[in-house]
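> Listed below are the residues making up each chain.
Protein chains: 2
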Amino acid sequence: MKVEQFIENAITEIRNEVQGQAIIGLSGGVDSSVCAILAYRALGKRLTPVYVDSGLMRQFESDRIEQLFKEIGLIRVNAHDKFLEALKGVDDPEQKRKIVGETFIRIFEEEARKIKADTLIQGTIYPDRIESEGGIKSHHNVGGLPITMEFKRIVEPLRDLYKDEVRETARVLGLPVEISERMPYPGPGLAVRIIGEVTKEKLDVVRKANAIVEEEIMKFSPWQAFAAILGKATGVKGDNRIYGWIVAIRSISSRDAMTADIMELDWNVLKLISSRITGEIPSVARVVYDLTPKPPGTIEFE
Amino acid sequence: MKVEQFIENAITEIRNEVQGQAIIGLSGGVDSSVCAILAYRALGKRLTPVYVDSGLMRQFESDRIEQLFKEIGLIRVNAHDKFLEALKGVDDPEQKRKIVGETFIRIFEEEARKIKADTLIQGTIYPDRIESEGGIKSHHNVGGLPITMEFKRIVEPLRDLYKDEVRETARVLGLPVEISERMPYPGPGLAVRIIGEVTKEKLDVVRKANAIVEEEIMKFSPWQAFAAILGKATGVKGDNRIYGWIVAIRSISSRDAMTADIMELDWNVLKLISSRITGEIPSVARVVYDLTPKPPGTIEFE
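If you're matching them up, the sequences are chains F and P in order. Note that this note's numbering gives residue 1027 to position 174 of the first sequence, counting from 1, and the numbers run on in steps of one. Note that this note's numbering gives residue 952 to position 99 of the second sequence, counting from 1, and the numbers run on in steps of one.
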């Protein structure tokens, strides 16, 4: 099916399925952005796109998303404290994903009540569904939907698309390159890039490290490249022993995220990133590079 | 000073300082092995070399050490349970080093009492002393000596040597290549190559992973190459999501361990090690490569 045809069908489908008001969780990723534009074309003012600023996003990302989507009526909800509170003391990765998903949904429900919307539109794509069935991911996008959800209807217009088809659709829809070519980013955000409990301190460290990784690796066109925090190890700064964070760099190539290869980056690039991260973030002691393809690794660390 | 001259002086020094019986903790590393041979030449049967089999050693290492040093009267003490018990529930790296050091010393004291030895001979070398003073390491060899030690006298014949001088001495003394060219190995052994609590399961995983790392990297003549366990992360084996160990590979070049560079290994070697470790050890989900030189990293992870 041609992209133009898909767009037309999707708009028709959304119009047929949605009575009244609908809400969409916009994360800034290509999936939910494409989905939001399709839904906006189908529903106009009957659509309310909501961006939940969870505090789990990358540097400057929230401001940029707000700016890009204000013309389709984006609502930005600041929920930093709500997420940190909900994640306090939680180590287990499945638990973290569920908590993040549930917190997102509760906020959407709150927003939906305000505008009396009973439909949630989601940018779930084909590989997400496959992986959910296999139990590999409990959660995509805003996901891990709690069973007691208040919405009457979930609409998933992209459910049969692969990632490259979503990107093609984004280009045809005229979305800016920073969206159409945007790296995949997990729904639970930095929460699954921190092994163990999520804290404000760890979020700040991983966000800074991630900005450095993106600055140095994006030019090599990875499928995804990011930083994660694995725990603590010793190091020596100045003349003293420290016990600081271990930051992992993940940089992979892939066609559809179902499988992934590690990128064989130049050693000078890796050494530069390592020295920038330990140099610019005082509390980091070590930097490691993930050598695990998928499978047997997953793309994210949790 | 020529090596032959050093050997002669050291033997004289040991003879002068030791009255009666002495004991030496032999770890199998080049430092304590050279020290044991020198002390044996100085004291003969008045020396008792003790090998404490802590359960924190590498694959097959303990049997090999016993075999190599039985001719100078080595006593092997099995203390697996004692160490595991002492380390139970302990996360803090400094604490772990101290507990391992103290457990070693208590066992030496016990052995010393049996033979009425009041002198402990140790293979401490020059860089160990420098680093102890800077607070970078609390512990070398068997170290972190508890203040309440029962020994009247500590003798350290190698205290002014650099590592390459110790190796040269080993060669002149006619020690086998596997000792004279042996990689440095930390006194607390695998305990500082496991982030967090030391358990039997983690010891088995890190020992197996380490054997693979040595098999694949030793041919490239690293200063040190080893495996460590950093924590847990997700992976996918068969069709199922797992939550398994993260194994780190460290491979460095150095002249004297005071500073170290990471080795720029061929990607095919790194990928082979990664696939062997995840393939041969079912509970491992990820393999990472340490990109941190010293400084700001230390050589060991804890």
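Keep in mind that the hints were calculated from the coordinates and are not lab data. Since this is a predicted model, take the numbers as computed values, not measurements. Each hint should be verified, as a subset may be incorrect.
Identical copies look the same in the list; a pair holds intra-copy or inter-copy alike.
Straight line, CA to CA, 27 Å or less: simulated DSS-like cross-link-like pairs of lysine-lysine [unchecked claim]: (1) K935 x K1055; (2) K1072 x K1124; (3) K1061 x K1072; (4) K855 x K1055; (5) K969 x K1061; (6) K1124 x K855; (7) K951 x K1061; (8) K1053 x K1072; (9) K1147 x K1055.
> Can you tell me if K1124 and K855 fall within 27 Å by alpha carbon in one copy, between copies, both or neither?
neither (44 Å within a copy, 39 Å between copies)
> 27 Å Cα cut-off: does K1061 pair with K1072 within a copy, between copies, both or neither?
Cα proximity of K1061 and K1072: one copy only (18 Å, versus 38 Å across).
> Please work out whether the CA atoms of K855 and K1055 approach to 27 Å or closer within one copy, between two copies, in both situations, or in neither?
neither (45 Å within a copy, 53 Å between copies)
> Between the shortest in-copy and the shortest cross-copy C-alpha distance, which are at most 27 Å for K1072 and K1124: within, between, both, or neither?
This pair counts as both: shortest intra-copy Cα distance 16 Å, inter-copy 23 Å.
> Quick one: K1147 to K1055, C-alpha cut-off 27 Å, is that within a copy, between copies, both, or neither?
Answer is both; intra-copy 26 Å and inter-copy 23 Å each pass.
> Within a copy, between copies, both or neither: where do K935 and K1055 come within 27 Å Cα-Cα?
within (17 Å within a copy, 36 Å between copies)
> Within a copy, between copies, both or neither: where do K969 and K1061 come within 27 Å Cα-Cα?
neither (39 Å within a copy, 59 Å between copies)
> Indicate which option fits the pair K951, K1061 if close means a Cα-Cα distance not exceeding 27 Å: within, between, both or neither.
within (25 Å within a copy, 34 Å between copies)
> Cα distance capped at 27 Å. Does K1053 pair with K1072 within a copy, between copies, both, or neither?
So K1053 and K1072 fail the 27 Å test inside a copy (30 Å) and across (44 Å) alike.
Violated hints for the displayed structure, listed by number in ascending order: 4, 5, 6, 8.
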